[in-house]
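**Student:** Here is how the chains run, residue by residue.
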Amino acid sequence: MFEVYHPVKGELFEVIDNKGNIINQEWFPEIDDSTVLKAYKDMLFARTVDLMIVSYQRQGRIYTYPPNYGQEAVSQAVASQVDVENDWVVPAFRELPLYLAKGAQLRDVFLMYMGDEKGASWSESKRMLPISVPIATQLPHAVGLGYALKMDKEKHVVYAFVGDGGTSTGDFHEAMNFAQVWKVPVVFIVQNNQFAISVPFNTQSGADTIAVKAMGYGMKGIRVDGNDFFAMYSAVRDASDYAREGSGPVLIEAVTYRKGAHTTSDDPYKYRTKEEEEEWDKKDPLKRLKYYLMERELWNNKDEELLLKTFKKEIDQAFLDTENSMSYELNEVFDHLYADQLGDLIRQKKRYKEFMEWKAKRQESVQNK
Amino acid sequence: MFEVYHPVKGELFEVIDNKGNIINQEWFPEIDDSTVLKAYKDMLFARTVDLMIVSYQRQGRIYTYPPNYGQEAVSQAVASQVDVENDWVVPAFRELPLYLAKGAQLRDVFLMYMGDEKGASWSESKRMLPISVPIATQLPHAVGLGYALKMDKEKHVVYAFVGDGGTSTGDFHEAMNFAQVWKVPVVFIVQNNQFAISVPFNTQSGADTIAVKAMGYGMKGIRVDGNDFFAMYSAVRDASDYAREGSGPVLIEAVTYRKGAHTTSDDPYKYRTKEEEEEWDKKDPLKRLKYYLMERELWNNKDEELLLKTFKKEIDQAFLDTENSMSYELNEVFDHLYADQLGDLIRQKKRYKEFMEWKAKRQESVQNK
Amino acid sequence: MKIMNIVKSINNALDLMLRENNKVVVYGEDVGVEGGVFRVTEDLQKKHGVERVFDSPLAESTIVGSAIGMAIAGYRPVVEIQFSGFAYPALDQIISHMARMRNRTRGKFTSPVVVRMPYGGGINALEMHSESMEAFYAHTPGLKVVIPSTPYDAKGLLISAIESDDPIIFMEPKRIYRAIKQEVPEEKYAIPIGKAKVLKKGNDVTMIAYGAMIRECQKAIVMAEKEGVDVELIDLRTIYPLDKETIADSIKKTGRVVFVAEEPTSFGVGSEIMALANEEAFLSLEAPPKRVTGFDTIVPYPQGEHFYMQTPEKILFELLETARF
Amino acid sequence: MKIMNIVKSINNALDLMLRENNKVVVYGEDVGVEGGVFRVTEDLQKKHGVERVFDSPLAESTIVGSAIGMAIAGYRPVVEIQFSGFAYPALDQIISHMARMRNRTRGKFTSPVVVRMPYGGGINALEMHSESMEAFYAHTPGLKVVIPSTPYDAKGLLISAIESDDPIIFMEPKRIYRAIKQEVPEEKYAIPIGKAKVLKKGNDVTMIAYGAMIRECQKAIVMAEKEGVDVELIDLRTIYPLDKETIADSIKKTGRVVFVAEEPTSFGVGSEIMALANEEAFLSLEAPPKRVTGFDTIVPYPQGEHFYMQTPEKILFELLETARF
Ligand SMILES: Cc1ncc(C[n+]2csc(CCOP(=O)(O)OP(=O)(O)O)c2C)c(N)n1
Ligand SMILES: Cc1ncc(C[n+]2csc(CCOP(=O)(O)OP(=O)(O)O)c2C)c(N)n1
Ligand SMILES: [Mg+2]
Ligand SMILES: [Mg+2]
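If you're matching them up, the sequences are chains X, S, H and E in order.
Oh and the first sequence: position 94 is 94 in this note's numbering, straight run, nothing missing.
Oh and the second sequence: position 199 is 199 in this note's numbering, straight run, nothing missing.
Oh and the third sequence: position 267 is 267 in this note's numbering, straight run, nothing missing.
Oh and the fourth sequence: position 95 is 95 in this note's numbering, straight run, nothing missing.
If we strip away everything but chain X, and leave its shape as in the complex, we get (with noise of 0.2 Å):
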């Protein structure tokens, strides 16, 4: 695959079209049926959340969020195959239906934009690392653990997401050299979503795609549709494949859109146009996969109310748990920096104690009067 689409011809590789139909048979990847279905009600999911998530923001019940929505196939695609209990995941922000397969619970993710640290270590979840908030600095960590991996002679795989303004910094770069040289079972993966906040992809990078950056590597790449699940399926299962055979590591450029805002504090038109935005609906991971699972008579109009409507409840439900359930603990501010409790921090912890008992004494007194 990696030779035939040759980054440096530029193609992109698609497998179907904006209407669901397979275009490309030959790379039209080995899946069944049910796979596809649950991919496509995974991904309604990831997208109901994110819908109600910027709800629950406009009502202020949680903080600022990066939506997912138009990307859910990128993430998706691994999500469908990624060994759960094996393989690592190190996520940028926008993979929301890959965090959920890999054992993420919605409280987790209510939980860290409400603004509790509890919600950032994915609970139960295995091999998955915490969001990245200083942007691609993660990526060094993926070579690191696909450094262990080979190590360990354990045949898995690291999945390391970063996005387009991503590729501009110095530890994409690092990270990139150091996997080839160390031949790390890596499937590198940009969310190339166009935009990095306001910034468009031409102001954020001198080359036309990020796939050609592979070579500069020495290392295998693929630029692909980021909004056809099955392409963007079988781009994971032939680089990871490659990856787990201690071939090396492999970029796979994922070409898709960010729908929405950056996150709820942005407002796109500042930057971009509506009609530009219409263009990109019409290859909407969703509305594609969508298409042809109706072609084929596994999904309807009607199912996909039904099951909206219980993913709704689900969700506001577990929301409604998570908001009932919130608590932090001065303890929490303290207890988790060190393995050991060092004695600044004792005494620090210990004088906001003096400080509260004081203030509820005085505010005693003061209700006193």
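There may be inaccurate statements among the hints.
[To be verified] Pairs of lysine-lysine residues, derived as DSS-like cross-links and limited to a Cα-Cα distance of at most 25 Å, are as follows: (1) H:LYS23 <-> S:LYS126; (2) S:LYS153 <-> H:LYS108; (3) H:LYS23 <-> X:LYS369; (4) X:LYS353 <-> H:LYS219; (5) E:LYS23 <-> S:LYS369; (6) E:LYS219 <-> S:LYS349; (7) E:LYS219 <-> S:LYS359; (8) H:LYS46 <-> X:LYS274; (9) E:LYS47 <-> X:LYS183; (10) X:LYS359 <-> H:LYS226; (11) E:LYS244 <-> X:LYS350; (12) X:LYS9 <-> S:LYS183; (13) X:LYS155 <-> E:LYS23; (14) X:LYS369 <-> H:LYS219; (15) X:LYS349 <-> E:LYS108; (16) E:LYS46 <-> X:LYS150; (17) S:LYS183 <-> H:LYS23; (18) S:LYS349 <-> H:LYS23; (19) H:LYS195 <-> S:LYS350.
[Claimed, not checked] Derived, one-sided and incomplete: chain E residues facing chain X with beta-carbon distance under 7 Å: (20) SER61; (21) THR62; (22) GLY69; (23) ARG106; (24) LYS108; (25) PRO241; (26) LYS253.
What the hints contain is simulated information worked out from the structure, not anything from laboratory work.
Just so you know, even glycine gets a beta-carbon here, dropped at the ideal spot from N, CA and C.
With chain X fixed as given, assemble chains S, H and E with the ligands onto it according to the hints.
**Tutor:** Structure of chains S, H and E with the ligands alone, referenced to chain X:
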């Protein structure tokens, strides 16, 4: 040129062979004999300086020094055509022929490695930055200088140097990308001398060539025999014409070999063989150019002998003058850090003087006993 | 005069300097079209063109590094780091080059870059968005570090920063970006770097702070007054170089010092203030100088941030202890 | 027992830990074949193989960043930064991730990386090769900062660092890498992190130092003795967390403090020691705590370095002033 020798082909751009015969007439530069002869003499001068510094170092008269030995043609190709007044030079630290062409004095070079900052600013030379101690961190500066040239509508270029090791750094990547996005007139020249201290190129880089990295930035790039003065001259000319016209930056990979030690503190036989050195010795840039000149009766061994004598005398004189006129005052430590004199620094300087007085008195009183 | 908040007064200072000096350029992530994520550079690209006000790729090291190059060539770049927590990739360029170019070249090349960065907590943001690591910069020889606390000062200090021949770290208290409004002249004026300001005279305790903490201190001082404690409040405005005279004079008068900041306590700006109190006013000290500063921890996520932040009450608690020592 | 210098004792500690724990890996620029530019890792690749002791590309950020990944996966990477002045490109990984991974994930993932870096001046090197910016790390929540001053301590502290579940910045006084020789046991032993050591008891002044400055202090102390001043010398060994008890006990006894270090004076480790003296021993202080530290300048090139460095005589000069205050 950049299409013919496109980096994707992995070809090496050469013009003469190891015996100085022209093997690529088409790309032989338009250059007159006197320029070639001068280039040879300048390279010979630089090499002589290098060798003498190494011997001064052995005598304990100079500190650690990184020789240019074997790499002279790379920066000489720029030196022979640089606009001394107007082009910017952003050095790494192995471009001695160019420093001298650009107006640096031997005294500067000596002072630098004798441990005096006064050497670092190249006295009266125009538009040349100091050598860069932290590897590759100078490349972003080159981008900024290029941006300034562009804003000021000056048709000049920036020549920026870095080593093969330097290409692994984040700053290399960021600078290359910025340069292409901003289309600044910068010619990046990577001296691929096969080693970063002890680390060979294949441990350093995932890619087979450095030139191919240009593709990751949508930049023009070319892989040149850096020990072939004519090839380097042609490449530098085409690259700087391209940049000067406003078409954007170019990356030149100059394939060369560090014939000497990394620095005078290094022992290369820990990590490479005499055989390898002998192989590369055949490609020595001075030898090749000398063959070329002798073939045309522009030069002979006697000329060389005579010239070397003059060089040695000149260099030794300059070194003695430098040694004899060295001085380093307390003020040097304080007076160039800020535009104005900060209170803290004034106080610290004053306190130091009090200490000096106390010390002098104390020594006196000890002597008087 | 016009009523401005800090966002507006900084925008105004940039606008004015862009107009006055064609060597001034302004760039960073989202600085151009978007006008910055906090809208500090709003409309500047429209007014001054895409060559002078523009978006850069997402790469902090080269944002600063390229600015150093421009500055060497005679430009006056004012670059924005989106949040001070994302300045860390630029620390190498800041420490190794921006701070040293003049010294390294004995004054031949200089790097009068202004690096603007919103800093501090209190805006309900995720990790890395609430950092107060000004001590890093203050400890780096070759830099000056400026932090305004009002719209008026922000404008005057930024103008001085742009006109300064030295590199400046200009940290903006994002928590009060829009919270404080004030009359600000529309014309150009400068406030000298390196001069603290005594915001309130007082005799019992010297309180030292800067940025968003000034407002919290002022609230604490009102409360303290009711308890009979008369506080002198100093707004540092410049962290390096410290205005040692103003600080020492005040401490000599009051004999007591309380320092308030968001930074982690240990090895911070507060430590230097404690040292200064000793070195400059040892014999006047009547109580141990005190730090009311952040824990030695990561700034918690929003749900826990109230534990970390200095509130008027917490300041009062510590202030009273010092006053009554 | 064997006579070792610091280079050898660190090499010995690494060798021992590589042998004992197959999760230990050692890498960095020139660390493998070459054995490090200071030969600290000499022969380790031969002994333990190229998979466990190896050269990395020239990229400090990812040297540290990849180590974080390995550590999360259960490894114990010990990475070398060739000189502490080249650690700045890695500061982002150190501050944003290495120091925070545990806190961020509530302990689920940890990053017990050891970052070794030679630091300090006095070796006649060019710019950037003589830095002493330990205060950066000390001010960064989540790190521990260790600096040995003898071969014996270097080995014991490095073993503790590798076994620690926290990330450690391990700074090596390169100036005395080979200058001090000492009997060092060949077997494994650990010296606890966070514990200072009283190297000499004394009653008049508490002198606090670490790394290469210990030796200079010892020389100064001998001279001071002749002047009738009896100094207590504390080797910090750990910069963060400070051993406040040991320090405070000593200050309470002597009432006088002199801190000696190579770092720039302002906002440094010394500032924190001054603060500590006040917070923990205010009522005992008989003289202003004093810093004998570097200027707030760039460490000069070799020709000017003697102005910058703390010499026994300069230490004595300041010490006498404090003793006689
Ligand atoms: C190092 C760093 N610089 C700046 C930011 C602020 N920031 C957050 S998201 C973002 C844009 C990221 O763009 P991209 O990598 O394309 O990801 P996307 O948001 O499009 O998914 C920026 C600049 C950051 N988080 N980290
Ligand atoms: C950021 C940084 N890391 C490490 C070093 C130490 N160091 C000095 S030269 C060098 C190797 C440089 O290799 P290369 O870029 O190939 O240049 P060359 O020495 O071969 O000319 C290293 C690692 C440094 N100066 N800067
Ligand atoms: Mg993007
Ligand atoms: Mg090299």
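**Student:** With reference to the structure, classify each hint as holding or not holding.
**Tutor:** Against the structure, the hints come out as follows:
no., hint, verdict
1, H:LYS23 <-> S:LYS126, "holds, 20 Å"
2, S:LYS153 <-> H:LYS108, "holds, 23 Å"
3, H:LYS23 <-> X:LYS369, "violated, 63 Å"
4, X:LYS353 <-> H:LYS219, "holds, 22 Å"
5, E:LYS23 <-> S:LYS369, "violated, 63 Å"
6, E:LYS219 <-> S:LYS349, "holds, 24 Å"
7, E:LYS219 <-> S:LYS359, "holds, 16 Å"
8, H:LYS46 <-> X:LYS274, "holds, 21 Å"
9, E:LYS47 <-> X:LYS183, "holds, 23 Å"
10, X:LYS359 <-> H:LYS226, "holds, 16 Å"
11, E:LYS244 <-> X:LYS350, "holds, 16 Å"
12, X:LYS9 <-> S:LYS183, "holds, 23 Å"
13, X:LYS155 <-> E:LYS23, "holds, 18 Å"
14, X:LYS369 <-> H:LYS219, "holds, 22 Å"
15, X:LYS349 <-> E:LYS108, "holds, 22 Å"
16, E:LYS46 <-> X:LYS150, "holds, 20 Å"
17, S:LYS183 <-> H:LYS23, "holds, 19 Å"
18, S:LYS349 <-> H:LYS23, "violated, 35 Å"
19, H:LYS195 <-> S:LYS350, "holds, 22 Å"
20, SER61, "holds, 6 Å"
21, THR62, "holds, 4 Å"
22, GLY69, "holds, 2 Å"
23, ARG106, "holds, 5 Å"
24, LYS108, "holds, 4 Å"
25, PRO241, "holds, 5 Å"
26, LYS253, "violated, 20 Å"
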